[in-house]
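Chemist: Chain residues, written in single-letter form:
Protein chains: 2
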Amino acid sequence: MTAIRSKWGDREARREDILTAARACLAEQGLQALNIRDIARLAQLSPGTVYTYFASKEELYATLYAERLELLLEELRPVCDSAPDVETLFLGIARLYWPMYRLYGRELNVWSGLRRKEQEPTALELRLLNASRNLFGPVFGAALRLSADPALARLYQERAGEVMALCWICLTGLAEHFSGDRPLLHGLSYEDTARLTIRTLMAGLQALAATPVIVES
Amino acid sequence: MTAIRSKWGDREARREDILTAARACLAEQGLQALNIRDIARLAQLSPGTVYTYFASKEELYATLYAERLELLLEELRPVCDSAPDVETLFLGIARLYWPMYRLYGRELNVWSGLRRKEQEPTALELRLLNASRNLFGPVFGAALRLSADPALARLYQERAGEVMALCWICLTGLAEHFSGDRPLLHGLSYEDTARLTIRTLMAGLQALAATPVIVES
DNA sequence: ACCTGAACACCGTTCAAGT
DNA sequence: ACCTGAACACCGTTCAAGT
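Going down the list, the protein sequences come from chains A and U. Numbering of the first sequence is given in our numbering, commencing with residue 1 and proceeding in unit increments. Numbering of the second sequence is given in our numbering, commencing with residue 1 and proceeding in unit increments.
Please note: incorrect hints may appear among the correct ones.
As the list makes no split between identical chains, a pair holds if one copy fits it or if it spans any two.
Stated by the list, open to error - Using 20 Å as the maximum straight-line C-alpha spacing, the simulated SDA-like pairs for lysine to any residue come out as follows:
hint, residue 1, residue 2
1, K57, E16
2, K57, R95
3, K57, A33
4, K57, A27
5, K57, L135
6, K57, S46
7, K7, L96
8, K57, L103
9, K7, A148
These are calculated hints, taken from the structure and not from any lab test. Only a predicted model underlies this, so the values are computations on that prediction, with no experimental measurement involved.
Working from the sequences, and respecting the hints, build out all of it.
Modeler: Pasting the structure below:
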């Protein structure tokens, strides 16, 4: 981990030290074992001090998560720009998504619990929300650019929400599926399953692109 | 909750009281807030006693989870027997799966953590594994019975593992997707999204049934 | 044998006291 | 102002003592 650089009173650097320490703890032992005393020790300050920088352990964790989402966006850009087809695009995203999901995805509910109903969202909540939203733009743009079939392109535009939800569900389901013991039941690899998933999904969307109404309740 | 019925030394009934109390606590406040002292109070015994019935909180939780999986199988049977087509089958499963996932699904890793490597699986671990496995039979049978297209039926049989993984991923992704705030981003309902998912999946499988090789790395 | 509840270890969080 | 670390509340778990 990066060396401690903060001095007494340098709040900016100290805050960064805490985040760096927390990141290291999380990577090493997972969320379950993440605890303030270890973080404080790694950052070379007292547990009490952590609370002058973050209101709670949850808020500290949510900050890490927001950072990670922002990093994902940076990782995603080159994939979106260079993918030669939608299958490659999805596989690239799936590869980037998995390691993040293993560390953070399971506990999405942690930060959503931060929200107090009927109150203005905090700056942190807005940061999280934006980080999530910002991911869609590049991906959506790339998907649109890569769909040779005009019927498919039209589907993307007219039913963007539904198509994105589908992709998101497959991505999450995939990551979740391979974050436990379940793959042991069939022995498929993450990579192969991701490929199978996107092929099936694309074939399905292609077929549905011909149908005028997709969902009628 | 059911009344306490156990007497001093009636280990069978007492164990059931603990499970009943734990189930009630879980339903009321979620896993996060599940705690031994509350369970003991509800079951009208001391915290220490719980540990003469269950080795740990995790084991108690895993037992509840195994029970819930077994209940799911019972709920699933009539759906599998009566569904007129695959879409209805999937929707029925999705409806049953969601409430279970909200309470238990998030923490699959909890029980998988029970396993000590290179050791014989415990009776509880076997129970969990079997409960999971047993779900596939009826579902698979129904899917096979309902596929009019012989090419699709052949796909099911020859690539059962892959098809099941796909369905499982969609089901989990769907439940996960609707267990947080994410649906707020697009406003679709669980029901509608499940329908869209299975239609797309089926159309995709149908298309792929024509292709000889599905996954080649 | 079965059960109790005080006690221990651990952890999130606070706050009076230090610099 | 910023930081410390003892202290508090809470919780999983144990165990000597009770019945």
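Chemist: Could you run down the list of hints and mark each one as holding or not?
Modeler: These are the hints, each one checked on the structure:
| no. | hint | result |
| --- | --- | --- |
| 1 | K57 / E16 | within (15 Å within a copy, 36 Å between copies) |
| 2 | K57 / R95 | neither (29 Å within a copy, 35 Å between copies) |
| 3 | K57 / A33 | both (12 Å within a copy, 16 Å between copies) |
| 4 | K57 / A27 | within (16 Å within a copy, 25 Å between copies) |
| 5 | K57 / L135 | neither (26 Å within a copy, 39 Å between copies) |
| 6 | K57 / S46 | within (14 Å within a copy, 31 Å between copies) |
| 7 | K7 / L96 | neither (36 Å within a copy, 56 Å between copies) |
| 8 | K57 / L103 | within (16 Å within a copy, 23 Å between copies) |
| 9 | K7 / A148 | neither (57 Å within a copy, 72 Å between copies) |
Hints 2, 5, 7 and 9, counting from the list given before, are not met by this structure.
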